[in-house]
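Residue-level listing of the chains:
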Amino acid sequence: MTQPPAAGVERDVVLLTVPADGAYLGVLRTAAAGLAARLHFTLDEIEDLRIAVDEACAMLIRLAAPMATLRCRFELTGEELGVEVAVSAAPEASPPATSTFAWKVLTALATDPSAAFSERTATIALTARRSNGEPRPGARYAMGDPTENGG
Amino acid sequence: MSLSIMTTKSLGGAVEISPRGEIDVDTAHEVREAVAAVMNGGRPAQINLNLRGVSFIDSVGISALVYGFQAAEVGGVKLVVTEPSRFVHRQLWVTGLLGLFGAPEPAGGPEPTPADTSRN
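Top line first, the protein sequences correspond to chains A and B.
Sequence positions in the first sequence follow the numbering used here and run 370 to 520.
Sequence positions in the second sequence follow the numbering used here and run 93 to 212.
What the hints contain is simulated information worked out from the structure, not anything from laboratory work.
Owing to the predicted nature of the structure, the values given are computational and were not obtained by experimental measurement.
Heads up, some of the hints might be wrong.
What the hints assert, rightly or not - Coverage of chain B stretches by chain A, computed from C-beta distances (three or more under 8 Å per stretch; other residues unrestricted):
hint, stretch
1, 144–153
2, 177–186
As the list claims (entries may be wrong) - Simulated DEER-style distance windows between Cβ atoms:
hint, chain 1, residue 1, chain 2, residue 2, range
3, A, Phe486, B, Gly134, 43 to 51 Å
4, B, Ala129, A, Thr469, 27 to 35 Å
5, B, Gly168, A, Phe486, 43 to 51 Å
6, A, Pro435, B, Ala106, 24 to 32 Å
7, B, Ser94, A, Ser463, 29 to 37 Å
To be verified - If we take Cβ atoms under 8 Å as the criterion, some of the chain A residues that face chain B in the derived model are:
hint, residue
8, Arg398
9, Ala427
10, Ile430
11, Ala433
12, Ala471
13, Val474
14, Ala477
15, Phe486
Glycine included, C-beta positions come from ideal geometry on N, C-alpha and C.
This is chain B alone, in the form it adopts within the complex (with noise of 0.2 Å):
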């Protein structure tokens, strides 16, 4: 019900941001002060947000996905979404903001876990 997060910088100036977990209502601002704290450490040339190890997320995290596009943009730096699991492809989908972030393939993603796909 957790949610973890590693920044990472490449050698070409990107960094990648890679939450792993749940974003809810709960977790959400974490997501937001990660994307915060890139833009106050200096200009990137993009940010990353890798999504593959995201199992789950709602209305909340998808706005703080927002966020985190606005805040980027406004200090001059393209934020794009990468590897989106299924959930958070699907997500991106219905709320027809694939395209706002870089209309990404969905990766292989997390497989559900066991709670939720368990039948008794």
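Extracted from the complex, chain A is given alone in its bound form (with noise of 0.2 Å):
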């Protein structure tokens, strides 16, 4: 969840909702796309959200009972944007691993993404920060460091 914003932070929410079908999936990514740009995210930031948003999405779209629909929210305030996405579960669905490939990138380009699961509703929340121009710290080698692996 995010955090409340503080005093004098405007504070947009939108919402969006869609089948939970990998069809959907570019229409999340490309509203993500917009809202980071218009908190004025770099490109390389608004790229790692498309990326994030997807992940997250695909992640849940695997657990949806049928006919589910994803509920993504977008909360945007100053220099960040949260986002939480929601899908009522299938009954024999997991909770969101988090050991997967999936869940590993995710981690490499968000910051603090969580998973929860409860009344059999997957949630998985994340936040992306405009850098303003620093590095953001271990965003990029949370999966190790590539070049050490001959790339």
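Reconstruct the complex from the two isolated chains, following the hints.
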């Protein structure tokens, strides 16, 4: 969950609900990119957010009950964009797995992603921050230094 | 939001697979199938996966690339990525897989679509 904004900071909330189907991932990526652009994120930060939102939504789609919808909440607060995605899970679904490759990518690209599972609703929340030119500690190397793998 | 894939043979016996569009959970299977089709059609000297026209790829898409690499390797064929777009190059770098795919240099690549960079 995103923290309440400091006094005097504008806050906008955007809600977007789409069928829990991979065909709609592009819509969510584009929406996230547009909102990040409103906050004047850099191109790299927008790309990171597009991937993070895609990974979070793709993880939840795999858990979704038939005919379920994916509920996305974007909260724009000053220099931050909070994203919370939720879906009604299928009866046999397990909580979102945080040991997967997708989660590793998510943690490499977003700040403090978290997954929750209660009353058959699976939720993933993450925050993207505008860096203002400062490097984001840990964000790039959460998966190890790729250059050590011959990259 | 869709993906189109073109497969061409070169005189040297290599095959080039050129996807164009976005590779995600909805389209990654098309990349796997394209590599499988090339392998089923005979053993090329090499498979060049030209990703110049790919504007987005996520972890499912990267998994498809790795699948393609492994499927080719099992058949004794080397699969390399050529001309990755800036986006793809960055994703392969982040995931530490640039070396696996032949350490390609980024191409000029597709510019972000207006929807990605629009402000207001």
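Consistency of beta-carbon spacing, B/Ala106 to A/Pro435, with hint 24 to 32 Å: Given a distance of about 44 Å, which is not inside 24 to 32 Å, the answer is violated.
Would the hint on A/Ala427 be counted as holding, given a Cβ-Cβ threshold of 8 Å to chain B? holds (5 Å)
Against the range 43 to 51 Å, how does the distance between the Cβ atoms of A/Phe486 and B/Gly134 compare: consistent or not? Holds, at about 48 Å.
Residues of the stretch 177–186 of chain B with Cβ under 8 Å from chain A, three needed, outcome: It holds, with 6 qualifying residues against the three required.
29 to 37 Å was suggested as the range; check whether the CB atoms of B/Ser94 and A/Ser463 agree with it. holds (31 Å)
At least three residues with a C-beta closer than 8 Å to a C-beta of chain A: is that true for the stretch 144–153 of chain B? Held - the stretch 144–153 of chain B has 4 residues with a Cβ nearer than 8 Å to chain A, which meets the minimum of three.
Using 8 Å as the Cβ threshold, decide whether A/Arg398 counts as touching chain B. holds (7 Å)
Taking 8 Å as the limit, does the beta-carbon of A/Phe486 come near enough to a beta-carbon in chain B? Violated, because the Cβ-Cβ distance from A/Phe486 to chain B comes to roughly 20 Å (cut-off 8 Å).
Can you let me know if the beta-carbon spacing of B/Gly168 and A/Phe486 is within 43 to 51 Å? For B/Gly168 and A/Phe486 the Cβ distance comes to about 45 Å; the hint holds.
Quick check on A/Ala433 please, does its C-beta sit within 8 Å of some C-beta on chain B? This interface hint is violated because 12 Å lies over the 8 Å limit.
Checking hints one by one. Is A/Ala477 an interface residue toward chain B, by the C-beta closer than 8 Å rule? holds (6 Å)
Hint check: 8 Å Cβ-Cβ cutoff, A/Ala471 to chain B: Hint holds; A/Ala471 Cβ to chain B Cβ min 4 Å, cut 8 Å.
The structure fails hints 6, 11, 15 (numbered hints given earlier, in ascending order).
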